[in-house]
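Asker: Take a look at the letters that make up each chain.
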Amino acid sequence: MSPKSKKNRSPVKLKMRHRRFRKKHAAIGSRPGELVKHAIKDCSARLIEFAPGTDEYNNREIAEAAALPELDSDRVRWLDIQGLGDLPTIEAVGKRFAIHPLALADAVNVPQRPKADIYGDQILVVMRMVRLAEDQSVQAEQVTLLIGKGYVVTFQEKPGDILDPLRKRLADSTSRVRNSQSGFLAYAIIDTIVDGYYPVIDAIGDHIESLESRVMNDPSTETLVDLNHTKNLLVDLRRSIGPQREAINSLIREPHQAISDDVRLHLRDVYDHCIQSLDVIEMYREMSTGLVSIYLSAVANRSNDVMKVLTIMASIFIPLTFIAGIYGMNFEHMPELKFRWAYPLVWLAMVTISSGMLAFFWKKGWIGK
Amino acid sequence: MSPKSKKNRSPVKLKMRHRRFRKKHAAIGSRPGELVKHAIKDCSARLIEFAPGTDEYNNREIAEAAALPELDSDRVRWLDIQGLGDLPTIEAVGKRFAIHPLALADAVNVPQRPKADIYGDQILVVMRMVRLAEDQSVQAEQVTLLIGKGYVVTFQEKPGDILDPLRKRLADSTSRVRNSQSGFLAYAIIDTIVDGYYPVIDAIGDHIESLESRVMNDPSTETLVDLNHTKNLLVDLRRSIGPQREAINSLIREPHQAISDDVRLHLRDVYDHCIQSLDVIEMYREMSTGLVSIYLSAVANRSNDVMKVLTIMASIFIPLTFIAGIYGMNFEHMPELKFRWAYPLVWLAMVTISSGMLAFFWKKGWIGK
Amino acid sequence: MSPKSKKNRSPVKLKMRHRRFRKKHAAIGSRPGELVKHAIKDCSARLIEFAPGTDEYNNREIAEAAALPELDSDRVRWLDIQGLGDLPTIEAVGKRFAIHPLALADAVNVPQRPKADIYGDQILVVMRMVRLAEDQSVQAEQVTLLIGKGYVVTFQEKPGDILDPLRKRLADSTSRVRNSQSGFLAYAIIDTIVDGYYPVIDAIGDHIESLESRVMNDPSTETLVDLNHTKNLLVDLRRSIGPQREAINSLIREPHQAISDDVRLHLRDVYDHCIQSLDVIEMYREMSTGLVSIYLSAVANRSNDVMKVLTIMASIFIPLTFIAGIYGMNFEHMPELKFRWAYPLVWLAMVTISSGMLAFFWKKGWIGK
Amino acid sequence: MSPKSKKNRSPVKLKMRHRRFRKKHAAIGSRPGELVKHAIKDCSARLIEFAPGTDEYNNREIAEAAALPELDSDRVRWLDIQGLGDLPTIEAVGKRFAIHPLALADAVNVPQRPKADIYGDQILVVMRMVRLAEDQSVQAEQVTLLIGKGYVVTFQEKPGDILDPLRKRLADSTSRVRNSQSGFLAYAIIDTIVDGYYPVIDAIGDHIESLESRVMNDPSTETLVDLNHTKNLLVDLRRSIGPQREAINSLIREPHQAISDDVRLHLRDVYDHCIQSLDVIEMYREMSTGLVSIYLSAVANRSNDVMKVLTIMASIFIPLTFIAGIYGMNFEHMPELKFRWAYPLVWLAMVTISSGMLAFFWKKGWIGK
Amino acid sequence: MSPKSKKNRSPVKLKMRHRRFRKKHAAIGSRPGELVKHAIKDCSARLIEFAPGTDEYNNREIAEAAALPELDSDRVRWLDIQGLGDLPTIEAVGKRFAIHPLALADAVNVPQRPKADIYGDQILVVMRMVRLAEDQSVQAEQVTLLIGKGYVVTFQEKPGDILDPLRKRLADSTSRVRNSQSGFLAYAIIDTIVDGYYPVIDAIGDHIESLESRVMNDPSTETLVDLNHTKNLLVDLRRSIGPQREAINSLIREPHQAISDDVRLHLRDVYDHCIQSLDVIEMYREMSTGLVSIYLSAVANRSNDVMKVLTIMASIFIPLTFIAGIYGMNFEHMPELKFRWAYPLVWLAMVTISSGMLAFFWKKGWIGK
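Chains as they are written, first to last, in this note's numbering: chain A, 113 to 481; chain R, 113 to 481; chain P, 113 to 481; chain U, 113 to 481; chain E, 113 to 481.
Be careful, since some hints might not be right.
Quick look at which bits of chain E chain U covers, simulated, 3 or more residues with Cβ under 8 Å [as the list claims (entries may be wrong)]:
1) 240-249
2) 431-440
3) 463-477
In silico lysine-lysine, BS3-like type, Cα no more than 30 Å apart, as pairs [stated by the list, open to error]:
4) Lys261(P) x Lys207(P)
5) Lys476(U) x Lys476(P)
6) Lys450(A) x Lys227(E)
7) Lys450(R) x Lys450(E)
8) Lys476(P) x Lys475(U)
9) Lys270(A) x Lys153(A)
10) Lys227(E) x Lys227(A)
By construction, these hints were calculated from the structure, which means they are not laboratory data. For glycine and all other residues, C-beta sits at the position ideal for the given N, C-alpha and C.
Based on the provided sequences and hints, a complete structural model is requested.
Answerer: Below, the structure written as structure tokens:
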């Protein structure tokens, strides 16, 4: 590739984490609810505890299962597990919060399809969180919410998330989320995760715009591969958001004690954001498809350029060479050979012919553009 | 590009405003209903006030929040905010009209997806208004309607709109909209916005027709890029009108005090217009897709033309040059060289061969077309 | 283009009337129900009046609004307006038959999307009538039916229609339509309009079959443009029939006094014809899409033929010319030049080489096909 | 085309009967229920009569309308009309079995879309029967069933069908169909018709497999046309089976005296077969679409091969010819010309250059494959 | 093909069993419920019998029909038939378990479309089991479950399955499936079959990734055929899983005594897995479609490379040969020929010209990349 095309390349590395669709499934035929062992052993648990309408607020790391809170209905608790590597802890959480084994398996055996399921008085919501990492790659991970009366438990696939602004709002005793029940907290988490799609989609939009000039100026197969990866990324995002929209919709429609009417109104807003994201993704996909045809056109035009050069060179010089060949013949009786002005006249003929050819090509628009 | 192709180019610049799908979203994790600050600070408010069935009519600029009207049920009021840059004013309006924070956020954090939501005794309708600017570019902006008993509040993204004919009808004391309640006024606004799609779609239709001759005569990558932009514009329009249709449909179906049966009947008409616009857009999209194949065919035919010229030139002169080469050899024993009529005979042979080639190409239809 | 391809061209000119999707919409923001002024001022009104079960039958031109009939329930009346240019007459008709302003606007502001709407005791049915004109172009126009108790009013966009056979049946006092109520008359009109699609679709089928041989034998861009126009025509027809099917379906499903159970049974038949037409149109569209790939293949094969000629000519003569060049060199020490049989031997070598090349190409299947 | 490609060609001629989508519709505007006259006058009627649970069985040709049976409820009768050319007989049958005129028109004015309609105590089922003719072409015809209490009347478009195995089972007094009511007989006919699609679909599957090797080895336009015809055939079959599935589904869902619960259970089986056929057809269609891209790839590779030969020949000999040209120049002062070993050295240089080029092409993988 | 491309080829042979869509259907017109004879006569029956909540457990081969168990409600029995070749045994099983003839036919006349049907107090579930054979080919077979009170009968098309882990769990007296009723056993079988899709889909994912590098480096038609086969395999898998999802959904929705609420909850989990598999399959299909365009781009670029070599060689040497030709002419009056430095000057001109051409091509980016 030429150095020029390298400069055109956007520095954004838009790649989902490798092996993104490899499910960490339990062995075939294993018992239902069996939890998969993760390679990475990281696992931290953090509890935010507050009483709505009061100043009571507590944010602490849970080091061992024994430190898990007893459940009482006065406070709202958010237990946030980051990393799924420590099965005993997770099982202890499952026991303390009386989580159904299948729900716990959905949290651990990632990735699951985003969904909202009701397990008695708990709601299980499987979400997919995406963010741009510092190297501009797209990181995706599953966030599982368990919403009960007075608590929300979240299981994150990996350490690190985009929920810090929410945590800051929780620390502010005047914020609305601090003065609401667990349903509103769950809404706030879901809302933040869904809003997190916008910067990623914007980055893809920038990348597609940069691709438009690249497919025209540097129609290499590499460019097309980049375009294809972008399309695959869009397919992947759509595959994440689509079921998320359905999940939020079922939260809105199905009555459950943990979701108040006010929370439902706010969820409708999140639902709109999901649909809007899907619209934009769909639009980008159509734009990418259009870029493929521009790419193929650029390739064809490039071939055409190569062929034009060949045709012009050959069409001009082949007749001239023929004329030179004529007077290179060794016949004894070639009167022109002795004619005094023959040589200049031949040159004149050659110049005339090549000028004619050049005029023909210029009229065709092949040269002089 | 040749000058000829430049003349073919339609002067219509069909481009949606740049960055059209970049949502001015609040920071991730911000509290629900938080309003986004706009870069452009323009914000004007105009109030049209009238009492149906009477001559009472008032049209005035609202300079400060204090001038906002008290609500009473005898009059119909249309408060029109143009430009979303002045958050304090907008918040004052929100307070006076008791607008739900999420509804206000939908009006300010543009673009939202077109929709109709019910907030208690108010209806929020998000519309998308398009028009051809003077430079023939397509301008799109969000218009948010809040319909209540006795008033309609509209929030426009930018100054300038296509509602002037409606304002003229409002000034006419005999017009129907002047003698009806706020629901009919809302219908009239929605109807005008939907009708505003027709001239834009017509302009795109003209542009596609001009593209048809361009793809045949000037199949440059630039032409294809133009075609693609037109397709993207159609996708964008469809993305605006599709949800608008659903929004109007939900206004028709869901009972609400602000929408009388008569207004419903008129909304059915608007609904039909939405569907018709979508039909035409869909048809244009299929035509654009057809143009891509015509374009690729024109490119292939152009390559073919280049190759034909090369083939004809090479096929005619390469054998002749070979013959000349033969008699340029320096063998001592080449009896022809001494033969008196050899040279004219060689010329005869050459003319015969090239005539044969020309006849062959003519029969193939490659020349003499 | 070669003369041969011209003969292949079907004489059928399959083009919808120009500007077919340009709606004669009222100015943006005009009042609801405002009627658009048409450029063509033609407007004729004909009344067919009969009493079912009796010999009473009357068919007369209505020259002025005053001649419009009083409505009574004993007779069935069909008032047929052809041409929408005379707004006063149309408004008089609207007044006499108490037509809702929006319904009248749907009749005049053509084209509307085909639909069936209920306005009190009247049914508005918007249909789209197509026919092959004498020059084999496809003419399309809107026919609007207003069905009430004892009358059917039809508004046709332009003079001339395909309803004459129905008029003949009405003149026959033993025919079923003559002895039935207005609902059956409306069914008969709708049925005739829907049956009118068959000859048009058949003509398109003939055209597509003729295109199949053309894309193979004459893959010019012109042929592709013709193919594309045919596809656009199919899209247009589908866009007409699809909503018509829905309209007829809603007539069948929704109870209304003007539609008896027997008429419903007959409408089911029309409904089936609509679906069948859509099926055939869909099939033709898939066939057209297939033809595009055949076309592209024919173009590629033609390029291949050009390149084969070039390759064969060049591959045979370039080596021979090289050999001739060798013995045209002027070295003093070239023993072959003095050898007596050198010249014939060189010829032998050349014949051998070119025979070898020819054999190679023949084995490849490039020549001697 | 080369003889080799001819051998690859499958001997199966997969073509639907010509003019397959040309409906024998009555003239536009003709009265409802008007029967179309068929060109072919063949028409035979055969009656199979039996009493379930007894040995009574009668199979006879009906030569004239007078021989049509009186209806009584003890026996089950199957009246099978083959050929629709004899309208008086068909009208007599319609009269005797009290068939609704629209139902009779559906039986005669073929092809109708497959469907199931209820006319009072009769059910009309329109089916489409396909079979491979002896010349391996696909024959399609409409079979219309009229199911009433104690009888089934079938109208076949043409003589000859695939129902003989069923007739054999009817002759066997122990078979289930012989001992059941008319609903089961109707099921047996429908089941046989649906099962008749399997051999046709299998033949198409064989043909597509044979096409896979042909598109790779003989990418002629003829092959693509064959592929397209196969796709069209699949579209046509889908168009037949799709509505048939809906028809059978409506038979299963809608209660009717002629269809017992047991028959319904059996129809569910037929319904499954319809869906399975549609699945396979859809799969074949996707395979065909894939073959088009293989075809285009094969065409491109073939062009590439042609161009490689040209490039190799030209690249090797053009430089050599240039060298020969150099020493063919007639300058007086060219010291090399007098050098003793010049001529062999030039040969050495030429061999070196051409070896270099060959090595270059070999490294590129263009030769020596 | 070059040896290098062979190494790139993934060793995974991804092919469904040959003739995968050839249904072993009974002869057309045969009686309903007629069982098809299979060519392979293998047929083994194994009974696992246990009493939930006790240690009672029995696993034995059933050699003859007489050894089939009497049904009683205390125990749960799983009768597993592998191979459908022995019709008498199967009919004996059908008799003992009172299986409806149509249900038994669905088990034997494979392949049926996956489905769940209720036959009185039994449920028939048709599943499709896939697995990677040792040679990495994809094996697919039908597994039919008959679920009744106290027993599950499974019919497998061929010996060998993926259910061994489940059998191990059954042998463990503490496992949940050992202590539950037949509904849970059926769930466990279905769950294991659905989980068996993951490794197959993963293998296809690996294959598609290996194909991405192959289409770029070795765009041979063979590679495209491999890509197409992979797409067909995905279509086939989707065709299996899609109806399976519907079948499981109908098990969840429709009340039946054999399916307890707890089993329903677990089936919901299986349902999610089906949807997830379909999502991944759909994503792989889109990726494959993207690879086709990369492939075509690679082919076009390869052609372009060939043409560039030709153009460069021809453009450089044709002008030089022309110059050599000029001075090979035999005119008497060519003053240059006598000029002392003519020959070196000509060489200089030639070097200049070819350097110019090389610079031109280098600037175009055709060489020196």
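Asker: Take a quick look at whether Lys476(U) and Lys476(P) sit within 30 Å of each other, Cα to Cα.
Answerer: holds (21 Å)
Asker: What's the verdict on Lys227(E) and Lys227(A), does the C-alpha distance respect the 30 Å limit or exceed it?
Answerer: holds (24 Å)
Asker: Can you take a look at whether the segment 431-440 of chain E is actually covered by chain U? Rule is 3+ residues, C-beta closer than 8 Å.
Answerer: holds (count 6)
Asker: Within a Cα-Cα threshold of 30 Å, do Lys450(R) and Lys450(E) meet the stated pairing?
Answerer: holds (26 Å)
Asker: For Lys270(A) and Lys153(A), compute the direct alpha-carbon distance and say whether it is at most 30 Å.
Answerer: holds (10 Å)
Asker: Starting from Lys261(P), check that the Cα of Lys207(P) is at most 30 Å away, please.
Answerer: Satisfied, since the Cα-Cα distance of roughly 16 Å is no more than 30 Å.
Asker: Would you say the segment 240-249 of chain E counts as covered by chain U, given the rule of at least 3 residues with C-beta under 8 Å?
Answerer: violated (count 0)
Asker: Keeping to a limit of 30 Å between CA atoms, is the pair of Lys476(P) and Lys475(U) held or broken?
Answerer: Satisfied, since the Cα-Cα distance of roughly 23 Å is no more than 30 Å.
Asker: When you check the alpha-carbon spacing of Lys450(A) and Lys227(E), does it fall within 30 Å?
Answerer: violated (97 Å)
Asker: For the segment 463-477 of chain E, count the residues whose Cβ lies under 8 Å from any Cβ of chain U; is that count three or more?
Answerer: As far as the segment 463-477 of chain E goes, the hint is violated, because 0 residues have Cβ atoms under 8 Å from chain U.
Hints 1, 3, 6, counting from the list given before, are not met by this structure.
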